[in-house]
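S.K.: Next come the chains, spelled out residue by residue.
There are 6 protein chains.
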Amino acid sequence: MFFHKQELQFKSSPSKPDAVLAKRMQEILGGQYGEITVAMQYGFQSWNAHEPGKYRDLLYGIGAEEFGHVEMIAIMIAQLLEKAPIEQSEAAIKADPVLGAVVGGTDIQQAIVAGAGARPVDSNGNPWQGSYITASGNMLADFTANANAEMQGRVQVARLYNMTDDPGVRDMLSFLLARDTMHQNQWIAAANELRAEGKEDLPVPSNFPLNKEERDVAYQYLNFSDGAAASEGSWASGPTPDGKGEFTYHEGPTTSVPMPPPTVPDERFYGTTPLPNTMEKVAGVVKDTFSKK
Amino acid sequence: MFFHKQELQFKSSPSKPDAVLAKRMQEILGGQYGEITVAMQYGFQSWNAHEPGKYRDLLYGIGAEEFGHVEMIAIMIAQLLEKAPIEQSEAAIKADPVLGAVVGGTDIQQAIVAGAGARPVDSNGNPWQGSYITASGNMLADFTANANAEMQGRVQVARLYNMTDDPGVRDMLSFLLARDTMHQNQWIAAANELRAEGKEDLPVPSNFPLNKEERDVAYQYLNFSDGAAASEGSWASGPTPDGKGEFTYHEGPTTSVPMPPPTVPDERFYGTTPLPNTMEKVAGVVKDTFSKK
Amino acid sequence: MFFHKQELQFKSSPSKPDAVLAKRMQEILGGQYGEITVAMQYGFQSWNAHEPGKYRDLLYGIGAEEFGHVEMIAIMIAQLLEKAPIEQSEAAIKADPVLGAVVGGTDIQQAIVAGAGARPVDSNGNPWQGSYITASGNMLADFTANANAEMQGRVQVARLYNMTDDPGVRDMLSFLLARDTMHQNQWIAAANELRAEGKEDLPVPSNFPLNKEERDVAYQYLNFSDGAAASEGSWASGPTPDGKGEFTYHEGPTTSVPMPPPTVPDERFYGTTPLPNTMEKVAGVVKDTFSKK
Amino acid sequence: MFFHKQELQFKSSPSKPDAVLAKRMQEILGGQYGEITVAMQYGFQSWNAHEPGKYRDLLYGIGAEEFGHVEMIAIMIAQLLEKAPIEQSEAAIKADPVLGAVVGGTDIQQAIVAGAGARPVDSNGNPWQGSYITASGNMLADFTANANAEMQGRVQVARLYNMTDDPGVRDMLSFLLARDTMHQNQWIAAANELRAEGKEDLPVPSNFPLNKEERDVAYQYLNFSDGAAASEGSWASGPTPDGKGEFTYHEGPTTSVPMPPPTVPDERFYGTTPLPNTMEKVAGVVKDTFSKK
Amino acid sequence: MFFHKQELQFKSSPSKPDAVLAKRMQEILGGQYGEITVAMQYGFQSWNAHEPGKYRDLLYGIGAEEFGHVEMIAIMIAQLLEKAPIEQSEAAIKADPVLGAVVGGTDIQQAIVAGAGARPVDSNGNPWQGSYITASGNMLADFTANANAEMQGRVQVARLYNMTDDPGVRDMLSFLLARDTMHQNQWIAAANELRAEGKEDLPVPSNFPLNKEERDVAYQYLNFSDGAAASEGSWASGPTPDGKGEFTYHEGPTTSVPMPPPTVPDERFYGTTPLPNTMEKVAGVVKDTFSKK
Amino acid sequence: MFFHKQELQFKSSPSKPDAVLAKRMQEILGGQYGEITVAMQYGFQSWNAHEPGKYRDLLYGIGAEEFGHVEMIAIMIAQLLEKAPIEQSEAAIKADPVLGAVVGGTDIQQAIVAGAGARPVDSNGNPWQGSYITASGNMLADFTANANAEMQGRVQVARLYNMTDDPGVRDMLSFLLARDTMHQNQWIAAANELRAEGKEDLPVPSNFPLNKEERDVAYQYLNFSDGAAASEGSWASGPTPDGKGEFTYHEGPTTSVPMPPPTVPDERFYGTTPLPNTMEKVAGVVKDTFSKK
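Protein chains in written order, with full-length UniProt numbering: chain A, 1 to 293; chain B, 1 to 293; chain C, 1 to 293; chain D, 1 to 293; chain E, 1 to 293; chain F, 1 to 293.
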């Protein structure tokens, strides 16, 4: 169960309205790596978790904080829009290029659809969608996804920081940056702990029997481009991070097979098939024709 | 530039047709973590890369291999569908429950739309979309995304492995599992190398000035749920993975502010506003009314 | 069957071109509550209707009008775009900030994709989609959906009215506002008539047996936030609109159960499972290993 | 801020696993009218609200409950999937048609992607998306949207009730049905209260000046179909629900204008234009040709 | 304006219910090449047309027929679903594998969401979307798109024909097949007429000045694969269909340039940049740090 | 298999940065008819092809070139963005309207999400999606789709050409225009060759037995609009392009049937049904009530 308290975790009020910034802020609310994504991602990971205890508690604990961040940003956006201009005729824009400059950079649906409010979309107006989240039930994979989400999120907040000089907005972004720092660290620590405790290991999933994979190519770097510098990295020679092999480097593939012959499905799929098939095709048509309509 | 060779990297022919499996295989072709995703993700990361040399070469080198995997799986699916049944009347299904069992588990668009062919969709028929990929320009974040993608992908292939006993399909999956093992290892090695070379560090992005984030809360675990076990992990005490702090644990938030007052935008957004505003609203309507229609 | 007549229901010509407004108008053409939505919504409701007569005739009658509104707005947009600028080089924009102001506020796909034409998208360029419509077969629910659609639509048209001072556009919007007034009234009247005739009632669906719902909580307002003013409304005490109960007010839930234990699925889903399961997991791997590859 | 408690509001455990039902349950979790929709809808309405007090408190109060329902259903789905079969080879299906019957009716991504877990999608596997929600800032419109959402939701839950005989699932559905009953009643009561208090009225938005709409057609029922029974309803004669007019009935439109002439945009959009324009087009090409390449 | 008549263009009633077929029929209603697509495509082409007369009349004339086909198929689907089973418990399915076979092949949202009705989606449940249509304003391009749409549509209807033996459904499909035959022929005739009248020609758009394109490569077949048979076609030698050149054949590219150097954007995008840039990056951070927070 | 070479097919460097143009260029990268579409379309057509030899080789040969065009445009976009402004505060915009003009016309996600990089989206920011492509297995239909794609693509490139005066960008567009000219010609030649060789013919699919379609209406132009000029075209009289009939012209339909009666599904779908059904509905409720809860 979730309980709501009519407080915010941190200051979330702009120093002045700014409809252009209100559009940009949508990215960290409803974008691929916005707060709705992490809130829902940690939620689904907790609901799909397979063991009680510290890992699931961690998911619940951070997840609920993120729902509060959704609210914090939505409310910031509404305030940025409080004085959004509604008079936007072309004449007005032409008379006042500054208005035009502003109008061109706003999210028009925040005005027409939400009446100067926040929306569950990204900074280009694409609706948030469930396919942004990851929850596989394998915690080492999922915590890596979480670390990535927090990294991408912090990169985006840092970019936004440089797009405004509003002290109120910068305060809130400073707070979010710090929480992203924390959460990056937490997911990395948790991923390490999973490995240290033997709950999961590399390669993920570690309990898939290795003898069922084609081990000959499991540590070969096959370079399908002509960039020779690729051989200089630690990914092309030396021990592998999973501790189970040695990297080797190869120009192109080490295995290959001829292209299988094209398929020839039932002629009633009406595809284009090779000449030898023509007679059968005719036969099929005839058969079709004589069968009861 | 890309050049195509009419060979496959590995055996990719089923031992027998299986339209039910052909649907399931779509996940690793056109799903969130399918081969189209990694091919395009590494492609866009290379095109947006900001330095020449080994890291970009690595992206090009693996990216081109993944386009070949897209082809390999598409061709496998077409072969699995070669004998897909087209006669699917309810009468036929009722007469032969086995047919019904099979038909119920197939992707009907593989038949109606593609004529027994592969499609750029996932195992539920959702079209692949550009929002599946990640390419931020920050390589530590992106290589973490890549490690996650290879982990999720290997988990899915491993699950598929247990959904079939077809030796031909299992052979190809064995190969893909091994390549996923390799690529997981490579992205982790590359992420480590970025840090070792000082190109990037935790927290990502590492060159955002730390004094601009709210450092007081940068290493606090704020547990917004009532699961006390969350305090037992290495993410709640001890040094942080970024080497710059010490984790502390707190029940709930350490900061809070009152909810900001609701916004009151221009009355011509026609929102519902508080009573004190009524007079203004009336005035607004009057003003509207007398202005030229 | 539908028949088309090359006339419009009302004046639909702008007084002057305005590419900025042409973008905004897309909302009421191809947005969530645009004319395509209501046309298709009333269409599907009529095709899925379960009784002949006045209600279905009403759906057919209004639905066909709405298809005409789709056309009316599309043609207005095309006219607004007739003089849309195609020369949009950055140099041109810098030389003439007014051009820049205008260009920044246009829908670039109206130019590149449609050649100065209307598109089946909203004002942010999101394509119209089938998931915007509602057609459940239950007319009281659906007519409520229709009333909402007409209300949201009229709010949006009213907002647009204030974004332009073009007399031609305002004329058409005046007409649409009036039709939205009519249709709001009609769906509310029709919903009332359904209840008066005993065809459907609150709670919807009214013919689901009430003794199968958990009646103890059927009229309790459970406030999961800390806003005490919520108890002051007519939704917290007094008789309920369905005439079958009395509202009561409660801080938080009146019922609760412990969280169910986490699930432990087949180990071959390769999820992360609790320690007691480790032995089974090892056993599973061993079993996998020895089974025929 | 949101706080999480590791309890559920009501019993949420199936009596036995049922992967077929787990797919169906996705509709009320991640569908157009599932719990994610209402939770997010009430959330955005509260964050965009323009006045403090009972209406906003109501939105916060119900919204937080709905987030708990999201969790409740997700956990139910995970339990229904706990024994989901992973062995699904065609051979296995053919050997056991019952397995086939089951497999055909499951959501294969719950297995391959989530490892026997819930997903943020509907019962056909479409990801939840932000465009499902409504939050316009106009409370009478939005509360009507909310009433509709609760009606559609209750209809769907009632249908699901008849698709299972599992007592545990039916218990939870009984609880959800009752809460939907409550919330339908609440939004209708709140909508009535808005009107009673004069905060908003029909037609929505009521503070748009009526003299700016084309009043002549504001209460005319224009029947664009040939179903004469449409004239029999209370929507075709008598007073209108907004108390401001009288319905009248008309076969077809009462107004019309000729189709405006087609547009002729800049020839460099390369559209197909009328013959009289050919000379200009040639001129345009010539002009293009001689301008600097 | 559109007017509706409560008749259908042809028999559209199944001989018996068939919920499995009802799912398949969704493809030709709401799929990429279903009737909604062609109705809306011809509609937008007519509204965006740039000349009056026969071509626009053709678009209007066929477009309105297609809206009637949308209705015809929706009504057929509703009838196929009239006896759709609602009792679908796993126990029921296990007791009656035939029920399971049927249930596995149905569209569950037709039941849960539409109450045994048609939906604006394809046969996999993906909502219809505006991005399916094409309306560029260039009639030769658009009529080619139309010819393709009718071809793809007829292929799909032909495949469906073989998936049922219901005489009523087959009758309707026979009618649709004939209309698709007609419309294929019409769009091809219209495309030819555009060329014959000199309104448009190959290459499309024909009035773009040819001296602005890189004519050296305008008729070269550059084979980027190793399939030598590609040189055998009429596309590799001889005159070109546009009458303006001669095809030539080449293995691989005839031009190439080195890869441009990677970009180095502003350091405050926090991307990973080359070593020489490190000093600047440090400087940037220092600059950031000293600038007012 | 695909192999990558670190060269581009043609010059692809702008003469100067231009973030406004960088947004527009996304259309031909990730739009409905952008390079990702044609690359993937030809790829899937080749993988689903049913015969070896020249046609499949053609698909492979052009497909691989198009993947190189994806890269070429992505790299151009990254270069156009190299100097994209990150300082975009409203104050800055107001101080410098030119900045505002520029900012309003950029794709903000190129900055926030990609750090001044290209993205897999169109010029309005909609993600590329799998439903843009066509691959039916019927080559005459598919080659017509390909011809259309190349026509639409060339129209869009031609429009873009007029939106910039950057010589570097124009050079690359000149090259793409020429390749589009070539590919238009090739697909038309290939379509002709299919017919000449008797592999496929009009109407597509040609091997569906004509006696199974409703031949009476196969060549009738039924004009559902009131535009009489539609009868003047070659599509209304004379021989049909498929060589199998004569066009005839008709005002409106030549056939019609009464609307089928509405459906009455199981009462437990809780739809609104006619009065005669009320008793049954009551009975159903009673039955429900007495059955075990």
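Keep in mind that the hints were calculated from the coordinates and are not lab data.
Errors might be hidden in some of the hints.
Pairs involving identical chains hold if they fit within one copy or between any two copies, as the list cannot separate such chains.
[Stated by the list, open to error] When the alpha-carbon atoms are kept at most 27 Å apart in a straight line, the in silico DSSO-like pairs for lysine-lysine are as follows:
#1 Lys83 with Lys94
#2 Lys5 with Lys244
#3 Lys83 with Lys244
#4 Lys199 with Lys83
#5 Lys16 with Lys212
#6 Lys244 with Lys11
S.K.: State for each hint whether it applies.
M.R.: Comparing the hints with the structure gives:
{"no.": "1", "hint": "Lys83 with Lys94", "verdict": "both (20 Å within a copy, 16 Å between copies)"}
{"no.": "2", "hint": "Lys5 with Lys244", "verdict": "neither (50 Å within a copy, 32 Å between copies)"}
{"no.": "3", "hint": "Lys83 with Lys244", "verdict": "neither (61 Å within a copy, 33 Å between copies)"}
{"no.": "4", "hint": "Lys199 with Lys83", "verdict": "between (53 Å within a copy, 22 Å between copies)"}
{"no.": "5", "hint": "Lys16 with Lys212", "verdict": "between (62 Å within a copy, 20 Å between copies)"}
{"no.": "6", "hint": "Lys244 with Lys11", "verdict": "between (49 Å within a copy, 25 Å between copies)"}
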